[in-house]
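Asker: The residues making up each chain are set out below.
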Amino acid sequence: MKYIVGYTADRGGKLALNLACNIAYAARTHEDPVEVDLVMVVRNQSPFTAVYPSADPLGYEEILDTTLRGWADEALAMVPEGIKARVLIRAADSEAEGIIAAAEEVGARMIVVAPRAHGLGGSLGSVANALLHSSPVPVMLAVPQSTPDDPTGPGPSRVTAFVGTKDGAEAVAHMAAVTAQHHHLPVRIVSLLELDGSRDDADQLAEARELIEEIAGRTTLGSEVIVAHGASLDEAISHVEWRPHEIALLGSARMGGRRLFLGSTAHKVLRVTPVPVVVVPRDYSAAAAARIENQGGQAS
Amino acid sequence: MSTPTHKKQLSPELISDQADKGLAKGAVGVIGLIVIGISTIAPAYTLTAALGPTVAEVGTHLPAIFLAGFIPMLLVALGYRELNNRMPDAGTTFTWSTRAFGPWMGWMGGWGLIAATVIVLSNLAAVATDFLFIMLSQIFNNPEIAELTRNLWVNIPVTLVFLALAVWISYRGVQTAMVVQYILVAFQIIVLVWFSIAGFVHLGNGTAFDATPPSLEWFNPFGVGDITTFTAGVSLSIFIFWGWDVTLTMNEETKDPAKTPGRGATLTVLIIIVLYMLIALSVIAFAGVGTEGLGAGNPENQESIFAVLAGPVMGPFAILMSIAILTSSASSLQSTMVGPARTLLSMGFFKALPDAFGRISPRFKSPTVATVASGAAAAIFYVVTRLLSENALWDTVTALGMMVCFYYGITALACVWWFRREFAKSVRGFVFQFLFPLIGGVVLLLMFIKTAIDSMDPDYGSGSNIGGVGMVFILGMAIILLGIGTMFYQAIRRPAFFKGQTLPRDR
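Chains A and B are the protein sequences, given in the same order. All residue numbers for the first sequence refer to our numbering, where the first residue is 1 and numbers rise by one. All residue numbers for the second sequence refer to our numbering, where the first residue is 301 and numbers rise by one.
These are calculated hints, taken from the structure and not from any lab test. Errors might be hidden in some of the hints.
In the BS3-like style, the derived pairs of lysine-lysine whose C-alpha atoms are separated by at most 30 Å in a straight line are [to be verified]: (1) B:LYS725 <-> B:LYS559; (2) B:LYS321 <-> B:LYS665; (3) B:LYS325 <-> B:LYS555; (4) A:LYS14 <-> A:LYS84; (5) B:LYS325 <-> B:LYS665; (6) B:LYS321 <-> B:LYS559; (7) B:LYS555 <-> A:LYS84; (8) B:LYS321 <-> A:LYS84; (9) A:LYS14 <-> B:LYS665; (10) A:LYS2 <-> A:LYS84; (11) A:LYS268 <-> A:LYS2; (12) A:LYS268 <-> A:LYS84; (13) B:LYS725 <-> A:LYS14; (14) A:LYS2 <-> B:LYS321; (15) B:LYS555 <-> B:LYS665; (16) B:LYS799 <-> B:LYS559; (17) B:LYS725 <-> A:LYS2; (18) B:LYS325 <-> B:LYS559.
Reference listing, derived: stretches of chain B covered by chain A, where coverage requires no fewer than 3 residues with Cβ under 8 Å from a Cβ of chain A [what the hints assert, rightly or not]: (19) 638-645; (20) 651-662.
Example chain B residues on the side facing chain A (calculated, C-beta under 8 Å, incomplete) [to be verified]: (21) ASP317; (22) THR417; (23) ALA477; (24) ASN598; (25) GLU600.
Given the structure is predicted, the values throughout are model-derived calculations rather than measurements. Just so you know, even glycine gets a beta-carbon here, dropped at the ideal spot from N, CA and C.
Let the sequences and hints guide you as you build the complete structure.
Answerer: Structure (C-alpha cells):
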C-alpha cells in the first residue's frame, strides 16, 4: 500500500514525512505494509514566460536538480529503517496537480501533506486547499501537536470517523473501518450535534444516535458511537476527547461536476482537531473497495 | 558537467526523476516565437525610454542609428547560438565565460549582466510608474494626476511597490499564460502602428508640431557626424534590440529546432525594425528634432517621448498608448526579474558569492535570496539615481547601454576563445565561431570604453554631474568598482571558486 507525501524541504514537509513514516512504522509488520513515496513538484515552465537575459532553462535546471537531489537525500535519511521509501521528482502546472498525478501514478491510497501552519484567517494554504478540493484519494493533513518528532515513536492509537447525516458519511465510516482493520486499531464514530433548544435534548440525542448507528453500523459494527453535543458546533467539538496520536476522518462533500468542497462543519473540525485529519472524497469507498478486492485476489 | 559543490548521491536508485522536466518541448511555433521575442523586447517600453535620448544624440539620423545598433547585437547573438548549440547546458554569461576565460573574467561578465538587468529593472519600474499616473490622469481627465509622478514622495514609493510586486511574482514562480502574452504583444503592435499612422496623417494635414518630411539622408549612418555621437547613439540603440536574442536560445521548446528558431528570430527582427522605422520616422516627421516644445530633441521630453507625444498625436486615444506601455513595462519587469536572480543563484551555487545566493525555495523551487537581492539592488539603484540625477530615466538608459556593451562584449569574446582550436576547420565555423563574434565583441567592448570615456564629460547624457564628472560615468564606474571590490573580497574570503575548484575551465 502506497502513501504519497507531498514533500517540501522545510518544516511542513518534514512534518508530513514524519507522520507518514510514523504510521508506516507502526504497521511495518502487518500484511501489505505502507510504502512511503515522497513527491517533490517542480513547476512546468511556460516558454511564454521567457527568461531574459540568460535564458538558459537547462543551466538553471541543473542547479535545481542538484538541489532537489540533495533534498531527496536528506528526506530519505529521515525515513526509519524498515520502511520502503522512494522520492519522485515530477513537473506539473501546480504543486497540487503534481501530487495528485503522482498519487495516480503509483496508485496511492493516501496523500499526506502539511497545511500552512499560520495561514491567513485559518487558511490551510493553497496546496492543501487545492488537494482537499480535487484529490481523488483521501488526503491526510499533518498537524505539529500530534506528530511525533521520532517516527519510530508510538503509532496511531485509534481511528475516529466524523459521521454526519449528509452524503458521504458512509464513505468515511467505510474508510475508517478499512484503516482500522489494516492497522489493528479500534474505531470510534463521532457525530456532532447542535442542540435545538425547542425540543428535549435527550430526544434529539437519541434520534441522532439511532441515525448514526444506522449509517455507520453497516461498516463499523461494534465500534464506539459518540454523539458530541452542545449549543453550538464549536461547543460540540470541544466536548470530543482525543487520545494522543489518534487519526480522525471526515468526508468532503461534492458540489456539481468534479469539484469537491468542504462543508462549514468540516472546516471547523479541521481547524480545531488536535490530531491529523484525513479528508475522504465522498465517492472514495467504491474505488477503495475495488482496490482491496483486487489486492486480496492477488495475495491469495 | 562536474559540480563538486554537491555531495555524492547516497541512493540514486531510490529517486525517480524525469530528464528536462518542466520544459515544454515542441510547444512553440514560428508565430509563438515571434510573440516571445517581441514581448521580451517590449517595443512600446523601449521606444518611450530610448527614443528621446537617441534623438538627442543623433537628431534625424535616428533610423540609421537604429539599423547600425542591430549589427553588433546580431554578430554576438550568432556566436552565442553556436555555443548554445554546442553545450545546451552552457548556462549564463557567468558560467560559460568562467569556463572559457577562468573565474575572474567569468565573475565580471556575470556582474555586468546583473548590473545591466538591475538597471533595466529600475528603469522598467519607473516607466511603469510614470504611465500609471498618465493613464489615471487620462481616465479621470485630470492633468494634475500625471504631474504626481514628479513628486518624489509619490514616485519613489510607487516605483518600489512595482519592484516588490515583481519580486513576489517571480519568487512565487507565477507564469504568464500564452493567451495573455499574445494579447499583450498584439495590442502593443496595434497601438504603435496606430501612433505612427496618426503622426503621418498630421504631417499630411499640416497639423504636425514641426513638420519634417522624411528624407533618405536619415538612413545614412555616415551622416551622423563624429564618432562620439555615433557610439553614443549605437550604445543606446543596442538597448532597443535587447531581448531579441531570446528567440535564438529557444531550441527544444520549438516545434522544429532546426528551423523554427532561425525563422522566428529573422521574422521577429524584421517586424521590430519595421516598427521602429515607422515610429522613428513618424516621431521626427511630427515633432521634428528641435529642442523647443514638443520637439523630440527637447530635454524635457527625453525621459519618456510617448508621455509627451501620445496626446498631441493620438488625441483621445492616447490612453491606449499608456495602457500599452504600462502593460509592456510591467510584464517585462516581471520576466526580467528572473534573469539576474538566476545569475546570482548560479554565482552562489558555484561559490562565487556567499552560499545564501544559491538557495532555492523548497515551496516554489525558485531562487530566494537571489530574487530578493535583485529586487533590492534595483530599488537601491533607482532611489540613488532618482535623488542624484535631474533626469534619472535618461541617465539609467545610457548607463544600461554601457553595461550591455560590457557583458555582451565579454560573452562574444568568450565564444571566440572557446572555439579557438576548431573554428578554422570550416568556413562556416570561421564565420560564426570566430569572425562574427570577434567583430561583435571587439566593437562592443570598444564602445563600452568609448562611452565610459565620453561619459566623464559633465554634459554627457542628461547633463547631470557630480563635481564636474558626468552622472552616467559615475553610475557605470560605481557599479563596476563595486563588482571588482566584491570579487576581491570573495576571492580572499572564499577562494574555492577563484582557484577553479567549483567551476573549472573547460579548455
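Asker: Just pull the numbers of the violated hints for me, sorted ascending.
Answerer: Those not satisfied are hints 7, 12, 13, 16, 17, 24, 25.
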